[in-house]
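Protein chains: 2
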Amino acid sequence: MPRLLRKYLPIFEWGRGYGREALSNDLIAAVIVTIMLIPQSLAYALLAGLPPEAGLYASIVPIMLYALFGTSRALAVGPVAVVSLMTAAAVGEVAQQGTAGYAVAALTLAGMSGAILLVLGIFRLGFLANFLSHPVIAGFITASGLLIASSQLKHIMGVPGGGHNLLDIIGNLFLQLGRINYATLVIGVAATAFLFWVRKGLKPMLLKVGLKPRMADIATKAGPVAAVVATTLAAGVFSLEGHGVAIVGTVPQALPPFTMPDLSLDLMRQLFVPALLISVIGFVESISVAQTLAAKKRQRIDPDQELIGLGAANLGAAFTGGYPVTGGFARSVVNFDAGAETPAAGAFTAVGLAIAAVALTPLIYFLPKATLAATIIVAVLSLVDFSILRTAWSYSKADFAAVLATILLTLGFGVETGVMAGVMISIGLFLYRTSRPHIAEVGLVPGTQHFRNIRRHMVETDTSMLTIRIDQSLYFANARFLEDYVLDRTVDCPGLKHVVLMCSAVNEIDLSALESLEELMHRLSDLGIKLHLSEVKGPVMDRLHGTHFLKALTGEVFLSQYDAYSRLHPSNAAVA
Amino acid sequence: MPRLLRKYLPIFEWGRGYGREALSNDLIAAVIVTIMLIPQSLAYALLAGLPPEAGLYASIVPIMLYALFGTSRALAVGPVAVVSLMTAAAVGEVAQQGTAGYAVAALTLAGMSGAILLVLGIFRLGFLANFLSHPVIAGFITASGLLIASSQLKHIMGVPGGGHNLLDIIGNLFLQLGRINYATLVIGVAATAFLFWVRKGLKPMLLKVGLKPRMADIATKAGPVAAVVATTLAAGVFSLEGHGVAIVGTVPQALPPFTMPDLSLDLMRQLFVPALLISVIGFVESISVAQTLAAKKRQRIDPDQELIGLGAANLGAAFTGGYPVTGGFARSVVNFDAGAETPAAGAFTAVGLAIAAVALTPLIYFLPKATLAATIIVAVLSLVDFSILRTAWSYSKADFAAVLATILLTLGFGVETGVMAGVMISIGLFLYRTSRPHIAEVGLVPGTQHFRNIRRHMVETDTSMLTIRIDQSLYFANARFLEDYVLDRTVDCPGLKHVVLMCSAVNEIDLSALESLEELMHRLSDLGIKLHLSEVKGPVMDRLHGTHFLKALTGEVFLSQYDAYSRLHPSNAAVA
Chain A
12 MPRLLRKYLP
22 IFEWGRGYGR
32 EALSNDLIAA
42 VIVTIMLIPQ
52 SLAYALLAGL
62 PPEAGLYASI
72 VPIMLYALFG
82 TSRALAVGPV
92 AVVSLMTAAA
102 VGEVAQQGTA
112 GYAVAALTLA
122 GMSGAILLVL
132 GIFRLGFLAN
142 FLSHPVIAGF
152 ITASGLLIAS
162 SQLKHIMGVP
172 GGGHNLLDII
182 GNLFLQLGRI
192 NYATLVIGVA
202 ATAFLFWVRK
212 GLKPMLLKVG
222 LKPRMADIAT
232 KAGPVAAVVA
242 TTLAAGVFSL
252 EGHGVAIVGT
262 VPQALPPFTM
272 PDLSLDLMRQ
282 LFVPALLISV
292 IGFVESISVA
302 QTLAAKKRQR
312 IDPDQELIGL
322 GAANLGAAFT
332 GGYPVTGGFA
342 RSVVNFDAGA
352 ETPAAGAFTA
362 VGLAIAAVAL
372 TPLIYFLPKA
382 TLAATIIVAV
392 LSLVDFSILR
402 TAWSYSKADF
412 AAVLATILLT
422 LGFGVETGVM
432 AGVMISIGLF
442 LYRTSRPHIA
452 EVGLVPGTQH
462 FRNIRRHMVE
472 TDTSMLTIRI
482 DQSLYFANAR
492 FLEDYVLDRT
502 VDCPGLKHVV
512 LMCSAVNEID
522 LSALESLEEL
532 MHRLSDLGIK
542 LHLSEVKGPV
552 MDRLHGTHFL
562 KALTGEVFLS
572 QYDAYSRLHP
582 SNAAVA
Chain B
12 MPRLLRKYLP
22 IFEWGRGYGR
32 EALSNDLIAA
42 VIVTIMLIPQ
52 SLAYALLAGL
62 PPEAGLYASI
72 VPIMLYALFG
82 TSRALAVGPV
92 AVVSLMTAAA
102 VGEVAQQGTA
112 GYAVAALTLA
122 GMSGAILLVL
132 GIFRLGFLAN
142 FLSHPVIAGF
152 ITASGLLIAS
162 SQLKHIMGVP
172 GGGHNLLDII
182 GNLFLQLGRI
192 NYATLVIGVA
202 ATAFLFWVRK
212 GLKPMLLKVG
222 LKPRMADIAT
232 KAGPVAAVVA
242 TTLAAGVFSL
252 EGHGVAIVGT
262 VPQALPPFTM
272 PDLSLDLMRQ
282 LFVPALLISV
292 IGFVESISVA
302 QTLAAKKRQR
312 IDPDQELIGL
322 GAANLGAAFT
332 GGYPVTGGFA
342 RSVVNFDAGA
352 ETPAAGAFTA
362 VGLAIAAVAL
372 TPLIYFLPKA
382 TLAATIIVAV
392 LSLVDFSILR
402 TAWSYSKADF
412 AAVLATILLT
422 LGFGVETGVM
432 AGVMISIGLF
442 LYRTSRPHIA
452 EVGLVPGTQH
462 FRNIRRHMVE
472 TDTSMLTIRI
482 DQSLYFANAR
492 FLEDYVLDRT
502 VDCPGLKHVV
512 LMCSAVNEID
522 LSALESLEEL
532 MHRLSDLGIK
542 LHLSEVKGPV
552 MDRLHGTHFL
562 KALTGEVFLS
572 QYDAYSRLHP
582 SNAAVA
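Chains as they are written, first to last, in the numbering used here: chain A, 12 to 587; chain B, 12 to 587.
Certain hints may be false.
Any copy will do: because identical chains look the same in the list, a pair fits if it lies in one copy or spans two.
[Stated by the list, open to error] Each computed SDA-like pair below joins lysine to any residue, with the alpha-carbon atoms no more than 25 Å apart:
hint : residue 1 : residue 2
1    : Lys214    : Val240
2    : Lys548    : Ser515
3    : Lys223    : Pro550
4    : Lys214    : Asn36
5    : Lys562    : Ser407
6    : Lys308    : Ile39
7    : Lys232    : His254
8    : Lys307    : Asp499
9    : Lys548    : Trp404
10   : Lys232    : Asn36
11   : Lys223    : Phe205
12   : Lys211    : Glu252
13   : Lys214    : Leu561
14   : Lys308    : Gly423
15   : Lys562    : Val209
16   : Lys508    : Arg309
17   : Lys308    : Leu79
18   : Lys541    : Ser571
19   : Lys232    : Thr270
20   : Lys307    : Leu79
21   : Lys219    : Gln264
22   : Lys548    : Ser571
These aren't lab readings, by the way, just hints derived from the structure by calculation.
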């Protein structure tokens with residue numbers, strides 16, 4: 012029982028050895044992460060189309076639950092940019108932004124996402140996330156970053172806007188060019204410029220004036236807080252609200268409330284696909300961060316337990332006024348760099364945010380939304396990285412096609428279409444390649460027992476014998492391809508008596524392929540040609556035993572290709 | 012130009028050598044096939060929910076067009092059972108059976124199906140049909156046969172009914188049990204029994220009384236005509252219509268009319284998926300028959316030209332009052348057995364059917380629908396074959412799962428769901444298997460240079476060296492699996508200095524896998540372990556050249572595993 016408990020509640024593992032030093036490290040990390048998370052949580056709520064407090068709530072109970080169930084020591088769970096954007100796209104389909112129904116649908120989405128993650132974790136289906144290939148993820152993150160940044164321009168310009176793809180977003184902004192609110196624009200541009208400078212220029216400057224690297228780092232992380240404070244003061248002092256600057260306004264001064272998602276079947280049906288995509292994308296983002304950070308300290312992450320941890324976090328979000336969450340890259344790295352040793356750092360962060368939710372919310376009444384938009388833009392533009400296109404192009408055109416399609420479709424049709432198309436294109440290209448396998452005709456390398464491609468090497472062959480090496484498992488999609496290839500080849504070889512299939516790279520023969528082989532054998536037999544196999548692997552041979560094909564085989568199964576070569580034409584043996 | 016013409020119009024190929032003997036053989040085959048097709052065409056139109064003449068029309072112009080464009084010498088194109096059922100399911104979704112809209116939607120379906128086939132043919136995409144695995148096709152045909160037979164019971168019982176899955180169909184019949192029309196039932200049961208007897212008992216009897224096998228065969232094929240004549244006479248003489256027996260009634264006495272499919276975008280959007288499925292299923296059925304028959308005469312079928320031939324046939328059906336058609340199994344075999352030598356036999360059949368459409372339609376006024384239903388039932392029950400379940404079970408559980416799911420889903424949710432699920436399950440299981448490849452730890456077979464699985468063979472190993480043979484291409488879905496496997500294995504090996512990946516079965520390394528290998532290399536390097544590769548294939552090595560991974564590789568790339576074994580630990584060489 013205690014072993015099971017430790018497995019499903021990793022807190023029992025790290026909790027036992029928890030001491031004073033870990034406590035102090037975790038506390039320091041929590042303070043830094045809390046300062047970073049306050050503006051970020053508000054901003055991501057804005058991106059998701061939700062009231063600002065939803066961002067804070069989504070960071071409190073979910074973090075606590077992840078601390079109980081998760082396996083990563085440094086992962087910081089909460090709202091992240093891509094998932095916030097996906098939430099806005101999904102919930103926008105079923106409810107009007109700003110209505111009560113919108114916030115409730117976001118809860119439903121978090122609840123469904125949590126349930127899906129839990130189910131995947133309990134049934135150990137974490138491997139499904141592997142079907143999101145690296146290039147597709149890279150393309151998707153880059154395109155999402157561009158989409159997110161452009162979606163925030165309306166807040167910088169102080170105009171209405173919307174749209175879930177780049178053309179719509181830009182088009183809508185274009186229509187509003189005449190209605191720009193210049194007070195908002197000044198604040199937005201100033202905040203964006205300041206934050207970019209904090210990111211690029213502040214740290215070197217602080218180091219130059221003699222600050223210690225650690226302190227310079229912390230000061231850099233606090234940059235967004237400075238922007239928040241400065242613009243909030245400006246908005247309050249100069250009554251910018253009267254000049255048309257959108258501000259955050261009243262935020263309830265309270266701990267996360269108990270909320271109930273809408274569990275009507277109809278809504279759940281509409282949100283199922285988005286919830287699934289959010290779960291998978293969130294899981295992939297989270298697990299990559301968790302594994303990267305764990306590797307630095309030689310710790311291991313259990314992907315299936317991670318699913319359970321993230322599932323619990325999302326269920327927590329659904330019942331406490333949040334929306335879908337996952338492990339974020341930026342916040343986790345900050346947490347790790349700040350010295351967090353255990354998930355307790357996350358729990359302390361949650362306490363810090365809870366205090367903020369209760370005590371600090373009146374202070375942000377005058378906070379301009381443009382400042383939050385600036386925070387988002389600066390954060391997400393660091394995700395944009397087109398170098399994957401060059402890397403993929405130089406390595407493999409198939410990977411390049413998948414990346415390019417993912418980027419273009421995400422920009423052109425939104426996040427859901429983009430990521431689904433990326434996955435389907437990757438799988439489709441893989442299936443296409445396996446359906447037309449590389450097939451080499453091989454001959455004997457003189458003086459050895461090795462057989463190599465006759466097009467790449469000087470080899471000996473025998474006109475009465477055709478040896479074909481298939482570089483792929485044989486399954487339904489390529490079964491007929493092999494049949495056609497062999498039959499076409501035999502047409503040109505008048506003296507042919509034997510066809511040998513060299514199976515060193517055949518890891519599987521499925522029933523369709525077996526039937527095709529049988530068909531091939533019969534057709535070759537009609538032409539007076541025998542079919543042989545060589546170098547069949549153990550697992551494949553185990554399965555062939557007892558089949559009609561093996562019983563009816565016109566030729567033999569040879570242990571090695573050299574056996575086949577020397578036995579089918581005894582004079583060959585002398586040659587070698 | 013003439014070469015291109017011969018390629019796209021195979022008639023120029025076989026037409027040149029057409030002589031008297033071929034003509035006489037083709038004419039005889041055409042007469043036999045025409046006799047067989049008259050009742051069958053009427054019956055399949057009934058199955059598709061269309062007026063009987065639609066079945067005749069679908070057999071006239073389409074056959075002519077296939078004769079021009081197709082490559083098979085024996086294939087007989089026209090309405091077939093499975094495609095008729097799929098037509099009923101698809102068109103039933105957009106229009107009410109018996110309305111003009113229903114017939115027009117069937118034309119649209121044929122037109123779209125023709126266009127899809129043409130496009131697939133022109134872009135040489137015939138290989139796509141390979142993704143329908145043999146077990147899935149076998150399961151689908153068996154389940155469709157059961158669905159079709161049960162859907163015809165309402166005509167045998169003389170009651171209304173409907174439904175697109177087995178439960179609905181049986182349930183609807185059950186509700187009508189009290190309203191059976193006994194006159195219809197007598198005709199239906201008698202016709203069914205007679206046709207079964209013709210199939211099983213007639214031929215042996217005729218042979219016994221001294222008829223030649225060829226004549227006995229022809230008589231057997233004419234059985235349905237006898238049933239049609241007898242029941243039509245009975246219905247006419249005894250005025251069975253007055254007793255509630257549904258009869259065919261007035262069939263227009265005319266050649267196929269020129270018809271215009273409804274090309275509205277909305278309808279085409281609704282019919283797109285069904286049209287795609289009908290195209291693919293029809294193509295697969297047709298090509299299997301064509302290849303089987305061609306093989307018997309050492310002829311070759313060009314799958315892409317077949318797509319063009321079937322596409323033209325379906326477009327023809329759309330503009331001449333038909334509905335989707337394809338090459339049928341039963342009729343093609345009859346055509347072949349009757350001695351058809353060229354596609355001209357098909358053209359003569361079309362002429363025969365045209366004569367029937369003009370001259371014979373008044374004669375079938377009294378033909379009971381129950382007789383047509385009996386024809387269908389007897390024809391499709393011969394398609395039902397559950398032995399594929401046993402075959403698949405004994406060979407591979409994955410194939411068994413695909414076949415069972417296809418059968419159950421087709422019976423439970425109809426033909427479209429069934430076949431799509433079958434394809435997706437086959438692909439899913441293939442991806443699942445490739446995502447967790449067989450990985451063997453190998454050692455040296457003493458006295459040889461061969462390396463084999465340490466679990467299956469007595470081999471030599473070296474504690475400072477772990478050699479892993481991956482029996483699968485490395486791609487996104489299994490990249491992380493390998494990484495986890497190797498890292499987990501290294502935990503138990505304290506003295507480990509070298510990990511060698513033996514790549515003889517690795518036919519591809521995609522970008523995701525390359526990144527995973529690089530990650531693995533870094534993690535192993537942190538543990539003081541070098542990563543080596545051996546037996547990398549030419550095409551894979553070509554691609555690795557110039558990558559960052561190869562430049563940063565901590566170990567070496569060895570030509571053979573034996574090289575790696577002897578060079579990494581020189582004392583090993585002495586052992587062998």
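Results for each hint:
Taking the shortest Cα distances, Lys214 and Val240 sit within 25 Å of each other inside one copy (20 Å), while across copies they are farther apart (97 Å). In the homo-oligomer, the alpha carbons of Lys548 and Ser515 lie at most 25 Å apart both inside one protomer (7 Å) and across protomers (12 Å), since each shortest distance falls under that limit. Taking the closest pair of Cα atoms, Lys223 and Pro550 never come within 25 Å of each other, the shortest separation being 61 Å inside a single copy and 52 Å across copies. Taking CA atoms no more than 25 Å apart as the test, Lys214 paired with Asn36 passes inside one copy only; the shortest distance there is 23 Å, against 92 Å between copies.
In this assembly of identical chains, Lys562 and Ser407 lie within 25 Å of each other by CA distance solely across copies; the values are 18 Å between and 42 Å within a copy. When the C-alpha separation of Lys308 and Ile39 is checked against a cutoff of 25 Å, the pair qualifies only within one copy, where the shortest distance is 19 Å, while the shortest distance between copies is 83 Å. Neither within a single protomer nor between protomers do Lys232 and His254 lie at most 25 Å apart by alpha-carbon distance, with minima of 31 Å and 90 Å respectively. Within a single copy, Lys307 and Asp499 get their C-alpha atoms only as close as 55 Å, which misses the 25 Å cut-off; across copies the closest is 16 Å, which meets it.
Within a single copy, Lys548 and Trp404 get their C-alpha atoms only as close as 35 Å, which misses the 25 Å cut-off; across copies the closest is 21 Å, which meets it. In the homo-oligomer, the alpha carbons of Lys232 and Asn36 lie at most 25 Å apart inside one protomer (17 Å), although the nearest pairing across protomers, at 89 Å, exceeds that limit. In this homomeric assembly, Lys223 and Phe205 come within 25 Å of each other (Cα to Cα) only inside a single copy, at 22 Å, whereas the closest approach across copies is 99 Å. In this assembly of identical chains, the alpha carbons of Lys211 and Glu252 never lie at most 25 Å apart, being 31 Å within a copy and 91 Å across copies at closest.
In this assembly of identical chains, the alpha carbons of Lys214 and Leu561 never lie at most 25 Å apart, being 72 Å within a copy and 35 Å across copies at closest. In this assembly of identical chains, the alpha carbons of Lys308 and Gly423 never lie at most 25 Å apart, being 41 Å within a copy and 53 Å across copies at closest. Taking the shortest Cα distances, Lys562 and Val209 never come within 25 Å of each other, neither inside one copy (75 Å) nor across copies (36 Å). Proximity of Lys508 to Arg309 under the C-alpha cut-off of 25 Å is restricted to the inter-copy arrangement: shortest distance 18 Å between copies versus 59 Å within a copy.
Taking the shortest alpha-carbon separations for Lys308 and Leu79, only the intra-copy value of 20 Å comes in at or below 25 Å, while the best inter-copy value is 72 Å. Proximity of Lys541 to Ser571 under the C-alpha cut-off of 25 Å is restricted to the intra-copy arrangement: shortest distance 17 Å within a copy versus 31 Å between copies. Taking CA atoms no more than 25 Å apart as the test, Lys232 paired with Thr270 passes in neither setting, with 32 Å inside one copy and 72 Å between copies. In this assembly of identical chains, the alpha carbons of Lys307 and Leu79 lie at most 25 Å apart only when taken from the same copy (22 Å versus 69 Å across copies).
In this assembly of identical chains, the alpha carbons of Lys219 and Gln264 never lie at most 25 Å apart, being 41 Å within a copy and 99 Å across copies at closest. Taking the shortest Cα distances, Lys548 and Ser571 sit within 25 Å of each other both inside one copy (10 Å) and across copies (18 Å).
Taken one by one, the earlier hints fail for this structure at numbers 3, 7, 12, 13, 14, 15, 19 and 21, listed in ascending order.
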